[in-house]
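Trainee: Here the structure of chain A is known, so what remains is to put chain B in place on it, guided by the hints.
Read top to bottom, the protein sequences are chains A and B. Oh and the first sequence: position 98 is 98 in UniProt numbering, straight run, nothing missing. Oh and the second sequence: position 320 is 320 in UniProt numbering, straight run, nothing missing.
Calculated from the structure, these hints are not laboratory results. Treat the hints with care, since some could be wrong.
One copy or two, it doesn't matter: identical chains are merged, so the pair holds either way.
Pairs of lysine-lysine, DSS-like flavour, derived with a Cα cap of 25 Å [said to hold, decoys possible]:
{"no.": "1", "residue 1": "Lys138", "residue 2": "Lys85"}
{"no.": "2", "residue 1": "Lys376", "residue 2": "Lys561"}
{"no.": "3", "residue 1": "Lys268", "residue 2": "Lys278"}
{"no.": "4", "residue 1": "Lys211", "residue 2": "Lys12"}
{"no.": "5", "residue 1": "Lys85", "residue 2": "Lys688"}
{"no.": "6", "residue 1": "Lys98", "residue 2": "Lys85"}
{"no.": "7", "residue 1": "Lys689", "residue 2": "Lys85"}
{"no.": "8", "residue 1": "Lys624", "residue 2": "Lys561"}
{"no.": "9", "residue 1": "Lys376", "residue 2": "Lys44"}
{"no.": "10", "residue 1": "Lys138", "residue 2": "Lys689"}
{"no.": "11", "residue 1": "Lys688", "residue 2": "Lys627"}
{"no.": "12", "residue 1": "Lys28", "residue 2": "Lys268"}
{"no.": "13", "residue 1": "Lys278", "residue 2": "Lys531"}
Protein chains: 2
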Amino acid sequence: MAPTPSWVKALKPSGPQGHELLKQERAKSNIAVEKLSEFLFTKKVIERKRRVLEILESEETFDKSQNYFAGRIDRFEIALARAKKLRQLKVKHGWTLKEFRAAGELISEPGPYGLHESMFLITLHDQGTPEQHEIFLKKAENYEIIGCYAQTELGHGSNVRGLETTATWNSGDKTFTIHSPHLTASKWWIGSLGLTANYAVVMAQLIIDGKPYGPHPFVVQIRDLETHEPLENVHVGDIGPKFGYNTMDNGFLLFNKVKIPHVNMLAKFSRVDPNTNKYVRPSSPSLVYGTLTWVRSTIVLQAGGVLARGVTIATRYCAIRRQFQDRDAQEWERGENQVLNYTMVQIRLLPLLAATFALHFTGQSMMQLYQESQMKMSRDAGKAGSAQRGAGPEETHSGSDLLADLHATSCGLKSLASSIAAEGLEVCRRACGGHGYSSFSGIGPWYADYLPTTTWEGDNYMLTQQVARYLLKSARSVLKGEMPTNDTTHILSNYLSRADMGAAFDVIGKDEDLVAAFAWRTAYLTFEASKHRDEQKKAWNDLLVDFYRLSKAHSQYLIVKNFYEVLRSSSTTNELDPETLALMHKLFRLYALNTLEQESSEFYTSGATTVRQIVLARTNTVMKLLKEIRPHAVRLVDAWDFPDWQLDSSLGRYDGRVYEDMFHRASELNPLNAITVDPYPDSGVTFKKDESREFKSKL
Amino acid sequence: MAPTPSWVKALKPSGPQGHELLKQERAKSNIAVEKLSEFLFTKKVIERKRRVLEILESEETFDKSQNYFAGRIDRFEIALARAKKLRQLKVKHGWTLKEFRAAGELISEPGPYGLHESMFLITLHDQGTPEQHEIFLKKAENYEIIGCYAQTELGHGSNVRGLETTATWNSGDKTFTIHSPHLTASKWWIGSLGLTANYAVVMAQLIIDGKPYGPHPFVVQIRDLETHEPLENVHVGDIGPKFGYNTMDNGFLLFNKVKIPHVNMLAKFSRVDPNTNKYVRPSSPSLVYGTLTWVRSTIVLQAGGVLARGVTIATRYCAIRRQFQDRDAQEWERGENQVLNYTMVQIRLLPLLAATFALHFTGQSMMQLYQESQMKMSRDAGKAGSAQRGAGPEETHSGSDLLADLHATSCGLKSLASSIAAEGLEVCRRACGGHGYSSFSGIGPWYADYLPTTTWEGDNYMLTQQVARYLLKSARSVLKGEMPTNDTTHILSNYLSRADMGAAFDVIGKDEDLVAAFAWRTAYLTFEASKHRDEQKKAWNDLLVDFYRLSKAHSQYLIVKNFYEVLRSSSTTNELDPETLALMHKLFRLYALNTLEQESSEFYTSGATTVRQIVLARTNTVMKLLKEIRPHAVRLVDAWDFPDWQLDSSLGRYDGRVYEDMFHRASELNPLNAITVDPYPDSGVTFKKDESREFKSKL
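This is chain A alone, in the form it adopts within the complex (with noise of 0.2 Å):
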């Protein structure tokens, strides 16, 4: 590859450069960025961002110059060299498991480590026996075994019911013997399996004497600790190239008749009983309830920090891209106008900008509520021996009811939330224009890593049938006439004494109205949607597409309510000065409005607005906030604090050095030109010289 010729080194872009224009866009808004920043993340995890960053930095593993360009066994090669290194540093730097997730996010790529770390260790600790943590947690903790998660099949994604694979306990020898009855039976999809476990929590149909007991965990070893062949009768491999996620050994397995020893049945909750040859049922199922809860919660906070690296990298490049002149320009303004002064590219980031901090706001929310019932819940458990039934005030507030409220909002807001993030990030990819489509841009590889959350965990279709299944269970006791116990059942029953005399909310004119024309439209839908399935007795499935709405409703309506309690709540009030809330108080009123615009009909069908308030809010209200906003829209995506190495951009870049950072990727990283092709048809050669392997090594 010829080195750069000194002309083209002397070379600068047209002015006015993207640091000037950078700069002056932070001049014009005095927004307190760290004060916000600490604000949203508090001072102490910016700290400890900035401490393991700094060790990411200085080690040549974790050098990201190359990502863009590795095919599919670079990649994974290099992901399994990184996944090492962090647990090395893990332990020479003795970081904490926060210390150890925030160097994950700051790598930001997921690595053959990542469900042994996760699943894999989660799983033998909650659902393992002190027993068995002796035996497989601590070497799983210690890294002498590497395991995984193996739920989902070829055949089976949602259904975990249908599962296939089969644990047939063997009264004899007191072993089970894990099986593969078909094709489909073949464990799919299944992280840190392809190529990098020695060990399996496999999901499997317990049978005893002939009779199905459902799904549970069985630890299975699957390859040699020496030689890391699988094992006889185990056939396990990587499930090949995906849209994203491609430093991740998603694999499949293949059972053909293993034994396996009584005790590598996961045996805290459910067992089978050596002896009796009987199952022992669970003592406690809601546990794994919560803690799916918590782990859609999770996805809920991490959907804003996902959109906001988008958001970021759109924001900060639509202010230094510039084409065309204002329409309406003067002749005296001359030159092309920055593309984030178009209103039609506010209109698309400006709404995101919002949303980040809308779902960043609503995860904290949950989080705190998540944690708020587990604790009630072990308060309850200690009263447990004079707890009641019944439906009364007192029972109302208890933790497993509260759960029951969390896991329904969860399932809701986890399918709205992450739907919210994906989408959002391909509008960002857009608003950059062409130079979005390159890798270089880091939205699309950032994109195509973040899809799957839009299916695991529950697919964002399926969840919503849970929550309209709550939600219809909550009309049906207000419509019984009992007291409201929580803020759903509240809404519900508030709708109702107001449904002879309709609703006149002044959404333009007060936020808390805004909210409450969200609440009513729930309301609105949930009886719709109790009246066609309780009284019209329609089948389910008509009904599905009705349900997702009206789960999109509810979440919608959560979202707008956390992000309004927030900005009221005394500590935003304390923490915030007076300019940055009211800005705050301006997003949040883009969001809602911009939602409310956008789901119109619902709206007006519901009787919450008019179609007038409507019209007004698009064609009026909006617009202003865009142009309020717009000023400040720099200095807000700095507030999240990405780190230029976490976002691997060019076009994000905060010094706005976009133009010489594409171009030095292009020109002096990409290892295709170090290559010369034969142009010509009939030559019967298509490389006259590859040197890029050569330029690999050398980097």
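Mentor: Chain B only, in chain A's frame:
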């Protein structure tokens, strides 16, 4: 890599088998698939495809089995080999351009000769003089020189006038100096330039005697014809990896005062007179305008087929995939339900299935209109002597008038159609659940390659301004009382004439009313925009969001209208049997009513429908249509007639052997499985054994 054990080979998916399910699906409907295919494409085109397919399948170069596994460099090398082989086959078999293009569609990947074979040849042909044809075009047609079309720059996309590359006329030695004054002047995104081309048509600002004359095309040699090394003072290379399109070498290009002779400025329309050193103005700039219209019409036509690939894959797989039981299912209804039976899946897939036909028919109509306008243009040109100015019915249907309408139409439809296709493909991918994320689904890679269509040939957001400008102009003409001259002015004046009576469209009961409601909404939005711009003098920038909506509304009207008119035309009613025709009408209604429901706020604010009609459309009519179309879904996608070889999808196989194919690709074609890792963090080794190269070479 260990061979697949015999016990694995013996495994089958659990029943019912995919091939049985698809057989049942095909038995449920009696749509005449072959007949419908011929109606869509003509028998001739289908036979051509089969003929070409047979040749391609027999050539090892086109073997697709490693496509999803190969890294960028390998993929590019294979794509180059394929491009060369394709050229050889064209010569060998004496293929027509149509046969050649059919081959390209079957191969379905962008290739390194792509821009040579399109824009380079077209530009030389259309914008070169006979002398230039002799010098450049002939060599290009014989692949003695390989070219590209270098317009876009690092800092300049849509705005061609902002290009920075200069071509300065040297009156002394009668040459031009091509120069890149800044880094942002670097040509960027140029297909076939990165590694392959040795010539480029460079769009550069013509400068004569210090005065700029705007961008013009110059033929510039960039690489040595023997060594293929860049010429002196030329810096050229590949711009790096992208979200998709990685078989193409999109390139960058910088010039340091490179001199080219006078003959290298393409001079059919405008030129520099070498004797007087004066600029000679273009004779007919509107011809280029015509080419763009043609390109955009092609994009509309292709959008149907592009989307149909995703819909075919998702529909077949959703007929095979089973998850959960229907909640209302009876005890005796054993087994899991086909995913395609869930209304939540139907509402995502079936309107897209309807859209494939809608877009196909609309594209066909546009191509036809384009040809008509071209014919009229040349007839008009013959009568040019007697032409007269002024508004009158005689002039109204002139070729240029038609072309102006078609130009605006093509802008709006290009934007809408490519957005529908791109976003629809992602919907199809997700409808496949987890497996949609696997590259073997065939949707992800196809989507990633298609995405640039939303940006090139006019960014999908930018373009809508042109539609708005045209509609505003039409509104002014109608408001002035001028006679309607085409469909656009016709629907506008029809709206005006009924403005004080309002509308009463029976959108659910009558198909022609459904079309009229779409026209009404377009006219309403046009006059609203006209009020804002012309009366209230609102800033152009403040109206961009409204313009975007207006363009979308207008294009949706055109699609609905075209779909309807095609179904009513005598050629359709003659060619299709009554049952298929009736089903097509249902697809029309599903497409129109589903669109109406999604855009409902504009329909009721315009008074085109009542709120009640929209609620009924959603809850009754659309749901009923889904039920009625559902049994025919598999046969309808069959009519799109995609060979398996073209789809290259495990999930979309015609024979339904989905799981066998997924497993085969993962377990037997995946080179990552020829690697054995060392799983322990402290071992200092990542791969114990790497036989991936040997594995690939054996394939």
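Trainee: Among the hints numbered above, which are violated by the structure, and what are their numbers in rising order?
Mentor: 9, 10, 11, 12, 13
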